[in-house]
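There are 2 protein chains.
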Amino acid sequence: MKLSQIGEFSLLERLRNRFHARSRGLLLGIGDDAAVIKTAGNTLVTSDMMVEGVHFDLSWSTPFQLGFKLVSVNISDIYAMGGIPRYILLNFAAGKDCTMRFFEDFFDGIEYALKTYAVSLVGGDISASDRIMLSVTAIGSAKTIVRRRGARPGDKICVTGTLGDAACGLELLRRMKRTVDLEDTKKRHRSPLPWETAVSLMRRHLMPVARDPSAISGKATAMIDVSDGLLVDLGRLCRESGVGARVRIADVPRSDALKTAASSLGLSARALSLSGGEDYELLFTVSPKRKTYGICIGEITRSAGVEVIDDRGRRMNISHKGYQHFADQG
Amino acid sequence: MKLSQIGEFSLLERLRNRFHARSRGLLLGIGDDAAVIKTAGNTLVTSDMMVEGVHFDLSWSTPFQLGFKLVSVNISDIYAMGGIPRYILLNFAAGKDCTMRFFEDFFDGIEYALKTYAVSLVGGDISASDRIMLSVTAIGSAKTIVRRRGARPGDKICVTGTLGDAACGLELLRRMKRTVDLEDTKKRHRSPLPWETAVSLMRRHLMPVARDPSAISGKATAMIDVSDGLLVDLGRLCRESGVGARVRIADVPRSDALKTAASSLGLSARALSLSGGEDYELLFTVSPKRKTYGICIGEITRSAGVEVIDDRGRRMNISHKGYQHFADQG
Chain A
28 MKLSQIGEFS LLERLRNRFH ARSRGLLLGI GDDAAVIKTA GNTLVTSDMM VEGVHFDLSW
88 STPFQLGFKL VSVNISDIYA MGGIPRYILL NFAAGKDCTM RFFEDFFDGI EYALKTYAVS
148 LVGGDISASD RIMLSVTAIG SAKTIVRRRG ARPGDKICVT GTLGDAACGL ELLRRMKRTV
208 DLEDTKKRHR SPLPWETAVS LMRRHLMPVA RDPSAISGKA TAMIDVSDGL LVDLGRLCRE
268 SGVGARVRIA DVPRSDALKT AASSLGLSAR ALSLSGGEDY ELLFTVSPKR KTYGICIGEI
328 TRSAGVEVID DRGRRMNISH KGYQHFADQG
Chain B
28 MKLSQIGEFS LLERLRNRFH ARSRGLLLGI GDDAAVIKTA GNTLVTSDMM VEGVHFDLSW
88 STPFQLGFKL VSVNISDIYA MGGIPRYILL NFAAGKDCTM RFFEDFFDGI EYALKTYAVS
148 LVGGDISASD RIMLSVTAIG SAKTIVRRRG ARPGDKICVT GTLGDAACGL ELLRRMKRTV
208 DLEDTKKRHR SPLPWETAVS LMRRHLMPVA RDPSAISGKA TAMIDVSDGL LVDLGRLCRE
268 SGVGARVRIA DVPRSDALKT AASSLGLSAR ALSLSGGEDY ELLFTVSPKR KTYGICIGEI
328 TRSAGVEVID DRGRRMNISH KGYQHFADQG
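Just so you know, the sequences run in chain order A and B. For the first sequence, the numbering used here begins at 28 and goes up steadily by one. For the second sequence, the numbering used here begins at 28 and goes up steadily by one.
Read the hints as simulated data drawn from the structure, not as lab findings. A hint or two may mislead.
Which copy is meant is left open, because identical chains are indistinguishable; a pair holds if it fits in one copy or across any two.
To be verified - Cut-off 20 Å, straight-line C-alpha distance, at most; resulting in silico cross-link-like pairs (DMTMM-like, lysine to aspartate or glutamate):
| no. | residue 1 | residue 2 |
| --- | --- | --- |
| 1 | K123 | D157 |
| 2 | K123 | D84 |
| 3 | K29 | D211 |
| 4 | K204 | D338 |
| 5 | K183 | D152 |
| 6 | K183 | E326 |
From a predicted model like this one, the values you see are computed outputs, not experimental measurements.
Excised from the complex, chain A in its bound form (with noise of 0.2 Å):
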């Protein structure tokens, strides 16, 4: 069954059924020109596109991880002030062949994500398209905002988890060229690495969990989301802040399952840790004396620039381009 069977109306009707959702604060959830929620204080707001083809490839993620890892990237931006996400406005668009299944499963992983984060989805649109184009509002609390301006020379510099498994994972998937079933436990896929290590990788990429900063937000001094990559924006955080940064590679987290995977197909796990994107976990600087929840990794410096110090104390030379959209990737 495809959508152009179904039409917008009737699809929308289906959502709106599915999603009737009730929760404080919320007025009025999908059905009618706007939502209407009822909010107080600091209000945090975000949007973000994906495109197929360019954020994603169908090739190796299912609708299902797809819906998840839209809501979660929304989410991480909200997390990244500080904030409490509470509501999302999602936008579909499609080809009239794209099915009915793939429908049903893409907002199977929007629902997954909408508990896991216990958020309502509140409204947005469908409409046609030639190719899947998507696009998600968050909006969320915050008692204190956490900004990326804030950080002060001698802050720690920490982060909340390993950091390059999400680039490694996307590594894998592209030479599989293949959907995985993150669940399947039984059935072995064929992978040039255990499965198990494979799996936690590739999760890392086609399902992120965005982390929850509350244990955080009230000491930060500065925070961000590493979704570009940790010198990237590491090096956003430190513009903003106007300071430097100095991080030293040894204690940059990276899990085994990353070394294992980086040494089997002849990656280094270092520059992963360094460059790769779309780990979405937290990069926050606190104040020296503070007792630190995280992984401190550096200090903020007072001139400008992020170093990356070796085993031995000594400045490497590296070249930290992230990903940036319309440029050449080197």
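Model the placement of chain B on the given structure of chain A, informed by the hints.
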């Protein structure tokens, strides 16, 4: 100059400088993981997408017109709830060979719309894509919400202006197949119609101005904006309210330009005013006792469905499919 010669980060920096918004309630605009706004009471949120080749055609839309319309369409949804628009977030995706000229003209159109509606651009993102894909989220506030639900039998049905103009303008543009400088009053483009007539209709399609509901929202029992055509949108309002409607065809407002154009193009002005989309007039219902702002075109009835009455009081036999995505258009 192409966007690929500038790169995403520089483009974002330009936008941040250009749209450095200062407005009441805005705590943090473009440049962090999320924007921060101060809200109180009812907050309205709505999001829409526009995809090249589906929602617009660059053979006859200029980037400036496109930017303006993208904002208008979303503001119209806030107005249709009786709200006051405050902020927008914008996602912009385009091909790598998209020119800086296009980008700047598009954002000129956005800026013109921001001024028109007194709203601020506070976030969003830009990314690469193989065609132009846009989404906007609009955020507003309202003391009193006017829903689609709420119309009662006996209520008058009113609209804020003439209908069918935008659809006729689109038909003109389809035939001319080129962009039009709507401000160009000196050079006369070749057109099958007097130029002022043609321009007024094309403007309604290319640069629709959303209707401020402040004179209406205190009185209206239900409201919607006319985006997919009078009969479709009135049908939605009726379904939500659990009522029907009787529309007098003679009372549906049609502009002189529409009448002139329709007769010379061999189209039916009446059909266009009933089924033509994208006029973005407000359609609302009010108690029969209330003095009416707007043009009364009929009454709400007890029986379900929308019927149209001709000049002699007879029920007309009309097929009123409006535009819907994922459906063969009848």
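Verification of the supplied hints:
1. K123 / D157: both (8 Å within a copy, 18 Å between copies)
2. K123 / D84: both (19 Å within a copy, 19 Å between copies)
3. K29 / D211: Neither: 28 Å inside a copy, 46 Å across copies.
4. K204 / D338: neither (36 Å within a copy, 65 Å between copies)
5. K183 / D152: The answer is neither: 43 Å in one copy and 29 Å across copies each exceed 20 Å.
6. K183 / E326: within (5 Å within a copy, 68 Å between copies)
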